[in-house]
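Protein chains: 2
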Amino acid sequence: MNIEQKNHNNTSENFEVLDNFERFDQKNDVFRRSWWDKKIRSKKTELFYATYREPLKTWRKADGFTQKDYALRNAAWHVSDILTEINAGQDRREGFSDAFTIQTPIAENKINLGTEREASNEIKKIALAFGAELVGITKYDSRWEYSSKFSDLSLKSYPPEIPENLNNVIVVALPMDYELVKTVPSALSGSATGLGYSHDALTVLSLTQYIRNLGYEAIGSMNDTSLAIPYAIQAGLGEYGRNGLLITKKYGPRVRLGKIYTDLPLNHDKPIQFGVKKFCNICNICAKECPVKAIPYGAPSEISYNQSNIIGVRKWSVDGEKCFSFWTAQNSDCSICIRVCPYNKDYSKRINRIGLKLSGTWLRHLLLWLDVKLGFGKRQKSSNWWKKI
Amino acid sequence: MNIEQKNHNNTSENFEVLDNFERFDQKNDVFRRSWWDKKIRSKKTELFYATYREPLKTWRKADGFTQKDYALRNAAWHVSDILTEINAGQDRREGFSDAFTIQTPIAENKINLGTEREASNEIKKIALAFGAELVGITKYDSRWEYSSKFSDLSLKSYPPEIPENLNNVIVVALPMDYELVKTVPSALSGSATGLGYSHDALTVLSLTQYIRNLGYEAIGSMNDTSLAIPYAIQAGLGEYGRNGLLITKKYGPRVRLGKIYTDLPLNHDKPIQFGVKKFCNICNICAKECPVKAIPYGAPSEISYNQSNIIGVRKWSVDGEKCFSFWTAQNSDCSICIRVCPYNKDYSKRINRIGLKLSGTWLRHLLLWLDVKLGFGKRQKSSNWWKKI
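Chains as they are written, first to last, in the working numbering: chain A, 7 to 395; chain B, 7 to 395.
Pulled out of the complex, with its shape left as it was, chain A reads as follows (with noise of 0.2 Å):
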């Protein structure tokens, strides 16, 4: 293996690409798998779906799940619900496991937006103006492109449709209400993930229709249509943590991920590194919490779990099954991995700042030590949420 090789690999010191690396199939995702799988597919999978869109006949008297809880969450991922099914008619979910296509044509007249430092800078100021909180450039790169697409409505594969000539991806993030996410895990704090999305959406169908009105061919998707989380790192929004999340410094795992393909000339951001993995390595309070263990201990590695891990990655890996096993026992989404996280902060705050820049350094042990004391990542009544509104 030469340097250049070895630099293009070695993207960070968590998060390394092996020589067995293979392209996902865009199948094999746990979500996609909880349509056709039968090893995950059932009444209990259906049933977490369609509470999304349609009441509980009885509702939980839980904490956090009540009618009120799902009032909320399901509104807050209207617009969103909208877009994607728009064309569901032609077997797509807009923005999520396909692309969006909802443009208008591209204009006929390329606009010179100067050097691609220039134009790069302009882009990401249009995009933090049309609500991204965090904006990264990198190239495209075919390994995190699904080897074959997958639909859940006709449960058909087809082939990708992000063409190569699409050179440069611009990755955006929006992050989730702190407070909601407090909740966790409640049908309550899913409203923050619904919400997230419903700008995520707005976020990307502006910033990707505004390049094809500058005569540059842009296509725009929502976390997923390829893998997000690489993608983000590449473009120096944040690093693998141990949850197999992007940590972001403004947000840390707060985020949702949005991403728009396109040929016009941009500049390339590099990776950040700040402190991640040495902070994951001694913390291990997502793997803890998580209350069905499919959240590592340990270094690094390229375990696969099963079909749903990317082979010939080494980084901290999920167990998809594992997870989703718990999304459809308390039918909702759940972030507890994001809750607990140290990294899970309102940054806005000047000391959450401080603590963050010191937890990049050997003090690491004294900042895990206080989050954990001063109960930092405790979970919130959902009640509370509603008493305190």
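Simulated from the structure, these hints should not be mistaken for lab results. Because the structure is a prediction, the values reported are computed rather than measured. Don't take each hint at face value.
Intra- or inter-copy, both count: the list cannot distinguish identical chains.
Said to hold, decoys possible - Pairs of lysine to any residue residues, derived as SDA-like cross-links and limited to a Cα-Cα distance of at most 25 Å, are as follows:
#1 Lys255 / Ser48
#2 Lys294 / Pro111
#3 Lys67 / Glu114
#4 Lys284 / Leu53
#5 Lys393 / Glu124
#6 Lys394 / Gly242
#7 Lys355 / Thr51
Since the structure of chain A is already known, use the hints to place chain B on it.
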């Protein structure tokens, strides 16, 4: 006229409903007339609308009207466009000239939200969580419903579609970007309008869906379907200004409105007054600066310039024909009367909040003099906006 009627009619000192009041036919709205009335419709109005969707063949070179300016404007409108056009096949413009019907069914079980006051408090907080910046509640008022509605697509009239039993109206306001509005008139500044609508759609659709998920009927729309400003005034969001627009305390006239009709029992807000009438009486800046002199000098009156004015309401009313003629002449929406209004300030700054308080006192002459002296409301070059971002 008994006292109750009098209170009902005198909504505020600069907004009075007279005995000869007649409900407004949506067909007479100047935007609707631009489709059916030969006096308004022309090659120019057709081009005006077409360029919101399709690129101009030859871009204007003028500052604020280049391809890039239109690119951003149309991208900002994109999500609003997708949603409003979703049922065009059924002769509907969802959320604009027609109410939104893109909601899921009402839950069978009605949730009790406590007293009307408690319910109102909760709904207002959820409205804010869904992106509204201002929210107020008033009662259904048939005077602000169109006598009949009109389709731009088929040029047909239809009976109004909001049932009277939806006796409460929640009015939300979302601000438009201050820096973009500074560049008015420009195609660029239309991005503030477009983003305002796209976010408005998200807020209205989500809040409407939330109420439906609680088991109550709810129908939402953006700032058409009925007369939004009188509803907003009755819901305590602000006062009528000389420019015929709603003047709010937090954003002045720089807002987009949305409405949700519901039978959820709610408490009503009261109209507010913070000195707008007296200030507009001495100001006249919008009347002076309007290039087509569509804004009146003098006191509020019941003048009807043409069929686009409502009959029997004493207020400051603009001449819609003149106003819209400027929109089409420059090929983008105009908001000069928003940009130059002394109430169009960045009220996140303390100094401007102090100014707002003083504008409601005898110091208003000084405030107005200062406003002109300090150059507030001056047009900024669009090219400078692009440089600054």
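Outcome of the hint check:
1. When the C-alpha separation of lysine 255 and serine 48 is checked against a cutoff of 25 Å, the pair qualifies neither within a copy, at 38 Å, nor between copies, at 54 Å.
2. For a Cα distance limit of 25 Å, the shortest separation of lysine 294 from proline 111 qualifies neither inside one copy, at 50 Å, nor across copies, at 41 Å.
3. Proximity of lysine 67 to glutamate 114 under the C-alpha cut-off of 25 Å is restricted to the inter-copy arrangement: shortest distance 17 Å between copies versus 57 Å within a copy.
4. For a Cα distance limit of 25 Å, the shortest separation of lysine 284 from leucine 53 qualifies neither inside one copy, at 40 Å, nor across copies, at 60 Å.
5. Within a single copy, lysine 393 and glutamate 124 get their C-alpha atoms only as close as 48 Å, which misses the 25 Å cut-off; across copies the closest is 11 Å, which meets it.
6. Taking the shortest Cα distances, lysine 394 and glycine 242 sit within 25 Å of each other only across copies (24 Å), while inside one copy they are farther apart (36 Å).
7. For the identical chains of this complex, lysine 355 and threonine 51 are neighbours neither inside a copy (39 Å) nor across copies (51 Å), given an alpha-carbon limit of 25 Å.
Against the hints set out earlier in the document, violations occur for numbers 1, 2, 4, 7.
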